[in-house]
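Participant: Whole structure, please, built from the sequences with the hints as guidance.
As they're listed, the protein sequences go chains H and Y. So the first sequence is residues 1 to 208, counted in the numbering used here. So the second sequence is residues 1 to 179, counted in the numbering used here.
Derived by calculation from the structure, the hints in this document are not laboratory data.
Over 12 Å on every C-beta distance to chain Y, these chain H residues come out as not near it, computed from the model:
| no. | residue |
| --- | --- |
| 1 | G41 |
| 2 | M93 |
| 3 | R98 |
| 4 | E112 |
| 5 | N188 |
Pairs of lysine-lysine, DSBU-like flavour, derived with a Cα cap of 30 Å:
| no. | chain 1 | residue 1 | chain 2 | residue 2 |
| --- | --- | --- | --- | --- |
| 6 | Y | K100 | H | K201 |
| 7 | Y | K100 | H | K61 |
| 8 | Y | K33 | Y | K23 |
| 9 | Y | K100 | H | K147 |
| 10 | Y | K100 | H | K132 |
| 11 | Y | K100 | H | K194 |
| 12 | H | K194 | Y | K67 |
Glycine is no exception: its CB is placed at the ideal position from the N, C-alpha and C atoms.
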Amino acid sequence: MEAPPVTMMPVTGGTINMMEYLLQGSVLDHSLESLIHRLRGLCDNMEPETFLDHEMVFLLKGQQASPFVLRARRSMDKPGAPWHLRYLGQPEMGDKNRHALVRNCVDIATSENLTDFLMEMGFRMDHEFVAKGHLFRKGIMKIMVYKIFRILVPGNTESTEALSLSYLVELSVVAAAGQDMVSDDMRNFAEQLKPLVHLEKIDPKRLM
Amino acid sequence: MRQTEGRVPVFSHEVVPDHLRTKPDPEVEEQEKQLTTDAARIGADAAQKQIQSLNKMCSNLLEKISKEERESESGGLRPNKQTFNPADTNALVAAVAFGKGLSNWRPSGSSGPSQPGQPGAGTILAGASGLQQVQMTGAPSQQQPMLSGVQMAQAGQPGKMPSGIKTNIKSASMHPYQR
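Facilitator: Pasting the structure below:
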């Protein structure tokens, strides 16, 4: 059910495969203000953007051992915004010199009946959380600083509890496959955020 | 005139005593004479001892200053240094990547979550598919393994439910036919 790595797929036309380049780190609550100030200085000049999103992760268990994962995200503070459906592939384990985590990424904007559609298709919700934080941009780089809230009663987004005393910081770029100089730009930007935050390539499989 | 950049117009006998004087001023000369007599009076050993104690005091002072500087710097940096916690980073990344620590608590058989599991299982069983209901009415003796299979999954995991019940249906459905 998992899409094979991009490099193995023959070029038969269709859409360009987009890859997400990702660096992650975290910052403690009391240092959030200084990080926000630094980001406001470094990033493109725009109104500080905050977001409050509810993300649900759906699994489709097929005959294979590994289920197919889709992420559905909706905005809780911007009414009328479309839902965002995302597929993220397995991280590409190629070049050790590559500074960012690279994985295949497909993003789709959908209407509000996404959860019903997914349930009809056979997906089941695995877990959900609420993400609340700030969004910055620098060119094609997107920096998100957000806090993850655990939902205590399934389906009720009012009863939430913070997962930890830190904010997660993510630096991501969605670009066409093969553009490795993107990861160099990301690493240079990450250097500027040290020693406040250490953005690095974290392999989720190591944390299982 | 050229050498002095135009400050000395004529190098005459008036200018020489002022410009080429090497003898120090009378007051300075007095002081220097006094110092040399004092130094001679003390004697060589006492002078050496004084030199050594002066050197020791200077080095002590230098050490104290450098230690103070180092301590204050690290003391000032240490509270600032903890701007992130690597354990938190890992926890947050795990939560976003595959939901570790979020609504799907998966402890193996602990008593706490199994309590919400009981009423949760009841509600999920009530809203289950037709197959399941047939299974329940047709095999009351199979209730025990069925409930235990359901208890293992938590209330927030509808995804796990069908697989648990399916295996129980498979194992229990042999009985109605064999009977």
